[in-house]
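Those sequence lines, one after another, are chains A and B. Counted the way our numbering counts, the first sequence spans residues 1 to 419. Counted the way our numbering counts, the second sequence spans residues 1 to 235.
Warning: the hint list may mix true and false statements.
[Unchecked claim] Below, in silico cross-link-like pairs of lysine to any residue (SDA-like), each with a Cα-Cα straight-line distance of 25 Å or less:
hint: 1; chain 1: A; residue 1: K328; chain 2: B; residue 2: N150
hint: 2; chain 1: A; residue 1: K328; chain 2: B; residue 2: G131
hint: 3; chain 1: A; residue 1: K328; chain 2: B; residue 2: S99
hint: 4; chain 1: A; residue 1: K328; chain 2: B; residue 2: R15
hint: 5; chain 1: A; residue 1: K403; chain 2: A; residue 2: R392
hint: 6; chain 1: A; residue 1: K328; chain 2: A; residue 2: D308
hint: 7; chain 1: A; residue 1: K328; chain 2: A; residue 2: V269
hint: 8; chain 1: A; residue 1: K328; chain 2: B; residue 2: L156
hint: 9; chain 1: A; residue 1: K403; chain 2: A; residue 2: R197
hint: 10; chain 1: A; residue 1: K403; chain 2: A; residue 2: E260
hint: 11; chain 1: A; residue 1: K328; chain 2: A; residue 2: D292
hint: 12; chain 1: A; residue 1: K328; chain 2: B; residue 2: I40
Think of the hints as simulated: they come from the structure by calculation, not from any bench. Owing to the predicted nature of the structure, the values given are computational and were not obtained by experimental measurement.
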Amino acid sequence: MAGIEFSEETRQQAERIGSADIVVGVAGPVAADAVRTRAETVFGLLGPSFTSLRFVFAWPSSAADAPAASLAADQPAALTFFPFASPAHAEGELWAGVSAQQRAVLSLAAHLNARACIVLGADLAALHAHPLQLLAYAVLERQCGLVMPIYNAAKYDGLINSGILAPLNRALYGRRIRYPLAFDFAASGAMCARLARLESHQNNHGGSGLLWPVTAATTQSPQTTIGQVHLDVHHPTASGGLDLSAVLAQIVGSLFQETEACAAHWQRVRGSQPVPVWGAAAAEPPEGQPVDTRPMLDSFLLGSRNLDEVWRLVLPPNTLLDLRRLTKLAPEDFRMPDELWAGIVYDFALAYRLRTLGRAHLLGALTPLYLGWVASYIREVSVLSHTDAEQRLEQFARVWEEKKPYLLSRWRWPDRFNP
Amino acid sequence: MWNQVKQSLQSSMGRAMEMLARLLPGILAFIVALLLFLFIGWILAWIVRRILAALGFDERMSRSAPTMADWSPRLTPSQLVGRIVFWCFLTAGVMVGVSAFEAGSSENVVSGWILGYVPHIVGAAVLLLIGNMLARYVSRSVLIAGVNLNLSYARLLSMGVRWMILVITAAMVLDHLDLGSNIVELGFGILFGGIVLALALAVGLGSRDLVSRSLEREASRVVAEEQQPERVHHF
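Using the sequences and the accompanying hints, generate a full structural model.
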């Protein structure tokens, strides 16, 4: 099969199924009985426009207890269950495991010659009729190569995404994608094959391990139509038990690696283009309780007191001066300017490429700065409504675009700006 | 009188020139051997780098051993291997050059002593290099991890680790060079034991209240965080 090496049994099962119109795959292990019942209910609600389509519902299962593919006969749409044996290397810590399973699902869809593949998070939060209809509609009816979600997240959710991933992706690749690294997304058949091939390419050329579908779509096939759909889905990711610096290092490190790999492409991109959006935005999530930013601010101040020698290797003197000024502000006046934060992330991306210091150290040294930005952002949006906070993020992303020439200059002539 | 002085000077000059003439072939042989090995080392390092680049060595290493980049951040793995090859040949060139010097000059006192001591010097240099790299890497790791764990004494901890590794390295280097072995062992024992004792006393007596307050604060913070619902999601 393209990209991922599946077991012989899985290959035989795929041969038996032959082909499918839509593959709906779960990127992570799930309880087989529960998922079957729920999937049957959901597929029953899909509506008449889906009755003529052949669906395959796939999820990774351990090789030992993977039952054979079976047909759910009583459903309006032809639905085949395909619990495939998870590939041996489709494991990893934190997001790497999710990406590996997403690749496995895409590879399976490519093998089944599916017209569309819908990838769902392992918590099955998006396994409802409406999200599936929207994702399938965007691919099959609107000819999108890739469809990404816009989650109805609260103001203080997904801050790594809002603070780094989304604005950096938008500034680099010129597509206004709100969630470039998502649990749920959909891809056309051609895009599945491309992403599956990309997997093997990454394995041969030291890829980052995480799957960045938007980056792959924009760099490998720039004419691909990318769409977004509003999903009223909330993935309950508990970050309390996770080490923030480890999460940040994995995700941001992977993004920096992609930035390095795709430098020839993004250096030609100017500005950004909106992408088509379908579905109605859900009601605003309930206003959360006020957040105490003091611990984050303390982390930032502790970092500025102790990590000066590391930051000095990465950041130019004017940025260090601005950071020093920030440390002297009273907590209630603390605000990190957007230009400063965008410049910091650009400088770290460059240091990652130049190997100015060990990459683990570099990404570890980013954590206090990130917490400083989080404290500043929370203080700023705490008085704003959800809509205003989204507009604030839009303004924030535009600053990253305006600051992109700085990254270009430093990327092309790093010595000229050498701190 | 003047003739005697002149004769004596001429005789000294003659002896010096004779000594120089005897040493010249040796020096020439040393330079030729060194240049030859320098050239071979440079060529081989270049070939090794090209072969490793063709084999995709850097990509494989970045996938399988990401920590290597942390040890040598400015060099790619293939450049590092190339440099190691180059320096191995340069060291071999120095040793061969010293042997050639001995063969060319018929003076074996200097070369014999140098050849006998070269392994010690090389070993000590390698120890010093590794120790320095280790101290820098570990202290920076401790500093960054400490800051990310919100430890207010992260820098102190990092400095302590750095000096501990440097002291051990210095003792090992001096021991390897056979310099004042007894004094070094004794000094190292006293210094190391002193540091540990001082830390124990500082924590046990001097900073008892500080440590207990810090632990209490940490415990209460953990309890408070557990009781407080999670309001901020980074991802």
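Pair hint K328/A and G131/B, alpha-carbon separation not exceeding 25 Å: violated, 38 Å
Distance restraint between K328/A and D308/A, which requires alpha-carbon spacing of 25 Å or less: The hint holds at about 15 Å.
Pair hint outcome, K328/A versus L156/B [Cα-Cα no greater than 25 Å]: holds, 23 Å
Given hint I40/B paired with K328/A - CA-CA distance at most 25 Å: violated, 58 Å
Pair hint K328/A and S99/B, alpha-carbon separation not exceeding 25 Å: With Cα atoms ~64 Å apart, K328/A and S99/B exceed 25 Å; violated.
25 Å limit on alpha-carbon distance, applied to hinted pair K403/A and E260/A: Holds: K403/A and E260/A sit about 18 Å apart, inside 25 Å.
Holds or violated: K328/A to V269/A, with C-alpha atoms at most 25 Å apart: This hinted pair is violated, its Cα atoms lying about 38 Å apart.
25 Å Cα cutoff - pair K403/A, R392/A: holds, 17 Å
Pairwise hint evaluation, N150/B against K328/A, where the allowed Cα distance is 25 Å at most: holds, 19 Å
Restraint check for K328/A with R15/B, where alpha carbons must lie at most 25 Å apart: violated, 75 Å
25 Å limit on alpha-carbon distance, applied to hinted pair K403/A and R197/A: Violated, because 34 Å separates the two Cα atoms, which is more than 25 Å.
25 Å limit on alpha-carbon distance, applied to hinted pair K328/A and D292/A: Measuring from Cα to Cα gives roughly 19 Å; hence the hint holds.
Hints 2, 3, 4, 7, 9 and 12 from the list above are not met by this structure, while the remaining hints are.
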